[in-house]
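Peer 1: Chain by chain, the residues run as shown.
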Amino acid sequence: MKSKLLKTEKEPYVATTDSCKQCAPLGACLAFKGVEGSVPFLHGSQGCATYMRRYVISHFREPVDIASSSLGEKHAIYGGGPNLKLGLKNVMAKYHCGVIGVATTCLTETIGDDTPRLVKEFRDEFADELECHGNPSIVNVSTPSYAGSHVDGFHSAVRAIVDQLASNVPAMENTVNLLPGFVSPADIRYLKEIVHDFGLNPVVLPDISETLDGPAASEYEKVPSGGTPVASIKGMGTALSSIEFGRCLANSMGAANVLEDRFNVRSRRLGTPIGLRETDIFMDALKEITCRTIPIKYELERGRLVDSYVDGHKYISGKKAVIYGDPDMVVALTSFLTEIGIRPVLCATGAKSQLFKTAIKTVTEEILDESPEVLDNVDFYDIEETAEELKPDVLLGSSKGYKLSRKWNIPLVRLGFPIHDRFGAQRICQLGYKGTQDLFDMIVNAVIQAKQDRSPIGYTYI
Amino acid sequence: MRSWTRWKKATPPSPISWHEIIRKVPAMTNTIFAERKDQVHRKGEEPFQMACDKESLAGAVSQRACVFCGSRVVLYPITDALHLVHGPIGCAVYTWDIRGALSSGPELHRHSYSTDLQESDVIFGGEDKLYRALTQLIDRISPKAAFVYSTCIVGIIGDDLAGICRKVEREKGIPVIPVESEGFKGNKRAGYNAACRAMFQLVGTAPTDDISPLSVNILGDFNLAGEIWIVREYLERMGVQVVANITGDGRVDDLRRAHGAALNLVQCSGSTIDLAKMMEDEYQIPFLRVSYFGVEDMAESLYNIAEFFKDVDPQVMERTKALVRDELSELYPKLREYRQALEGKKAAIYVGGAFKAFSLVKAFRHLGMTVELVGSQTGTEEDYKELHEITDPGTIIVDDSNPLELSSFLQEKDVDIFVGGVKERPIAYKLGVGFCDHNHERKEALEGFIGMLNFAKEVYSTVMSPVWRFTPRKKALYSKALETDVCHEIKAIEN
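Those protein sequence lines, which keep their order, are chains A and B. Under this note's numbering, the residue at position 342 of the first sequence is numbered 340, and the numbers go up by one with no gaps. One gets this note's numbering by counting positions in the second sequence from 1 and adding 3 to each.
Each hint should be verified, as a subset may be incorrect.
[To be verified] In silico SDA-like pairs for lysine to any residue, Cα to Cα no more than 20 Å straight-line: (1) A:350 <-> B:123; (2) B:324 <-> B:236; (3) A:232 <-> A:218; (4) A:405 <-> A:369; (5) B:477 <-> A:218; (6) A:72 <-> B:460; (7) A:220 <-> B:33; (8) B:175 <-> A:218; (9) B:188 <-> A:79; (10) B:446 <-> B:101; (11) B:477 <-> A:212; (12) B:188 <-> A:405; (13) A:355 <-> A:401; (14) A:401 <-> A:416; (15) B:477 <-> A:172; (16) A:220 <-> B:414; (17) B:460 <-> B:476; (18) B:57 <-> A:80; (19) A:401 <-> B:102.
It is worth saying that the hints were derived from the structure and are not from the lab.
Whole structure, please, built from the sequences with the hints as guidance.
Peer 2: The following block contains the structure:
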């Protein structure tokens, strides 16, 4: 909290300067993008959808269609119901979608629209048209942007999808539910590969691996292929187990908890698997579910990773890092940095998270004597003010920290969301042994390059 | 926990795919909503008539933004003002430093300040938070003025924005101006108007000494990639003084004495025309509509300015002619090379304001290219009439379009390049079509004579790239063309 940040007696700043979070409906749209045949739909004014589309497109470089009920002044006064219904009807008619994911905005929450009721009314009033368009599912989630951040919006949407669609109608055998949180398309592809290699069928929710990183097309796909099939979501209640990543995710927010409560599918809550220790825990979970040993391919990946830890440790030993971003990503990165000998000096998130501090302590206490400074609910002004004194050697986080990296002339390793000033964000894989390997190489090289660039000698051999 | 006894060899995933389901749905061939039919026109097919300036259709995925966006776009480049967004975090975060409006001095505009309203503020009101945020920020960053943007929610909870602004203005001694930009109260144009009303509060509040009779304000240029500096340099060579940049590389003190200028130059559809009209009514300053894009429009704009001042300074026309001559003699030979390569290629245009579209149609013609589609988010009836006049038969003209329509037009017209903004880019790229960013995020200067050359380079770099032949759509076209050629050859041999 801000009050912890300021050591002096002055009043904490009321305004947020250069935010380190986005708003809740954006997170919900990202989650809805990971369901097959789904069109995210914002119940609010037109600007929200357009702004978020642009923000998300600039990261993924993919078409991102987000529909809107486009409320005007009269709707704000008399209620947004008619426009919501008209919008749903239009999306259904033009997109031929399998799912419409309706997220509310601050406008519709404040004018008091009862969105779940409106959606129910729509289902009753337009039953014939729904039938005619293949009975698309409509999922709704409450995401006023004055409550929580994009992280909460994301998890609320995932939970709403499970809550409103999951059942125990079997779709496949030997499935395991994997709820990875907001990770990259490349991460999801790799996670699916891992689960497959254990002989399991993964149901990854949400699965943005194709929808937000699709191939070139000859015809414009109204809704991009890929995403978690609705039939698979319906079968989530029959899975062998659920694995949900997120040490900072409260049980009340976990989608796997819904499945456990309702269908008795055991929920395994793990940290996001970055680094050896967190990935080992993930592998252990898969071993336990399948009673299998770890496939040799991953033994080798693990072995190479340990080998590289040794080869690279001197370059980075004792370097000080500032990590910022979504709580679970920061925790996972902190865990990883701790095990390679980089000292996390500030772990910060723009989101409000009660579990953040404990999670950081859990992943660092085994190795570090002194816990890093941990701040939640902060903006880049706070991060700058705190980090300046800590004199970091490297920054890890979204591209929004670039100004700090430029000011202090230290490298920024771009991870998380958004990455608006580099190419290929959707293809950054940082999970598992292989992803950690890429990440490790990237960090070591960033440190080497900073040293090389600053050196008057111009070493070609480091 | 489920028992592992159910484990068998994993079967490949086989739930019924959504794509199979939708195949059973009757195919909808029509991409255009019935409600939007009169917002699309194909030149030559029927008498010209177009509807526009309507509220966006719910569910149509309009490319438009909101009132707030309109205000933010116009005011944001004022570099030494505090821009505080009063609302939940989203509105501020999505407009943080996303546009390349450059400054030659202060850079307060490149930060994002928000009151970040929380649930309790929505319930109990955000006035106190706004007051404290404002006073703290003014103390911390010492701006020359503050703009306080209203967002959707502020319009609903009814915070007295104007009252707080007045109070802080009295206490801090700088202008603190509320911007009535609640997102839902109209579209982007309403936001432009709110911004103009906000700026008008500054105009006329400082002395106008040392202003030449040959003087202008530059309205509707946002100094993207340093463009306003190009225009200022031309004006300097003509002997015309610039009083205020409105708003690219803008300063509060310049705005305050903008009423001392002899003429307002207005670029960009709609965004600042309201301010020009207010200044005309209040201070009798005439305005001239100009465009700095493309050879013809740039030259014509400069000539019109010279024409305006010719009675005050008879030499100004001579200087302007010399300027245009110099610039063109340098530009034309370079442009010719690009034109040779681009001759006959096809373009599509979808931009925010229609005024830019006029210039783009002409600019493409200059490169020997045809325009197959042209549209805008916020064009007026007059704008579309003009577009209808300057385009070729068969051109599609569209108002407030959406991805489905745009993608179908691109495919139908088989264009080589699409000009638009970030939201249009992936539509083009996914279909294997070249793209030029002509929106506020652009990092290449496209104004002025040098801008025309940059534009040609941009168009060339994408249209002539070798990558298209590998994309599925073009690949199909290539092989079809090849097939046809082969058929012709075979037939020729047979005959």
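Peer 1: Is the hinted pair residue 220 of chain A and residue 33 of chain B satisfied, with a Cα-Cα distance of at most 20 Å?
Peer 2: holds, 13 Å
Peer 1: Check whether the Cα positions of residue 401 of chain A and residue 102 of chain B lie no farther apart than 20 Å.
Peer 2: holds, 15 Å
Peer 1: Measure nothing beyond the straight line between the CA atoms of residue 446 of chain B and residue 101 of chain B; if it is 20 Å or shorter, mark the hint as holding.
Peer 2: holds, 11 Å
Peer 1: Below or equal to 20 Å on CA atoms is what counts here, so check residue 477 of chain B against residue 172 of chain A.
Peer 2: violated, 42 Å
Peer 1: Would you mind confirming whether the straight-line C-alpha gap from residue 232 of chain A to residue 218 of chain A stays at or under 20 Å?
Peer 2: violated, 29 Å
Peer 1: Given the proposed pairing of residue 477 of chain B with residue 212 of chain A, does the C-alpha separation stay at or below 20 Å?
Peer 2: holds, 17 Å
Peer 1: Regarding the pair residue 405 of chain A and residue 369 of chain A, is the alpha-carbon distance no greater than 20 Å?
Peer 2: violated, 26 Å
Peer 1: If you draw a straight line from the CA of residue 175 of chain B to the CA of residue 218 of chain A, is it 20 Å or shorter?
Peer 2: The given pair, whose Cα atoms are some 55 Å apart, is violated under the 20 Å limit.
Peer 1: Holds or violated: residue 57 of chain B with residue 80 of chain A, Cα cutoff 20 Å?
Peer 2: Holds. Residue 57 of chain B to residue 80 of chain A sits at ~17 Å (cutoff 20 Å).
Peer 1: Holds or violated: are the alpha carbons of residue 220 of chain A and residue 414 of chain B at most 20 Å from each other?
Peer 2: Holds. Residue 220 of chain A to residue 414 of chain B sits at ~13 Å (cutoff 20 Å).
Peer 1: Hinted pair, alpha-carbon criterion (20 Å max): residue 188 of chain B, residue 79 of chain A. Please report holds or violated.
Peer 2: Judged against 20 Å, a Cα distance of about 17 Å means the pair holds.
Peer 1: Is it true that the CA of residue 355 of chain A sits at most 20 Å from the CA of residue 401 of chain A?
Peer 2: Violated - the C-alpha atoms of residue 401 of chain A and residue 355 of chain A are around 26 Å apart, more than 20 Å.
In the structure shown, a violation is registered for the earlier hints numbered 3, 4, 6, 8, 12, 13, 15, 17, in ascending order.
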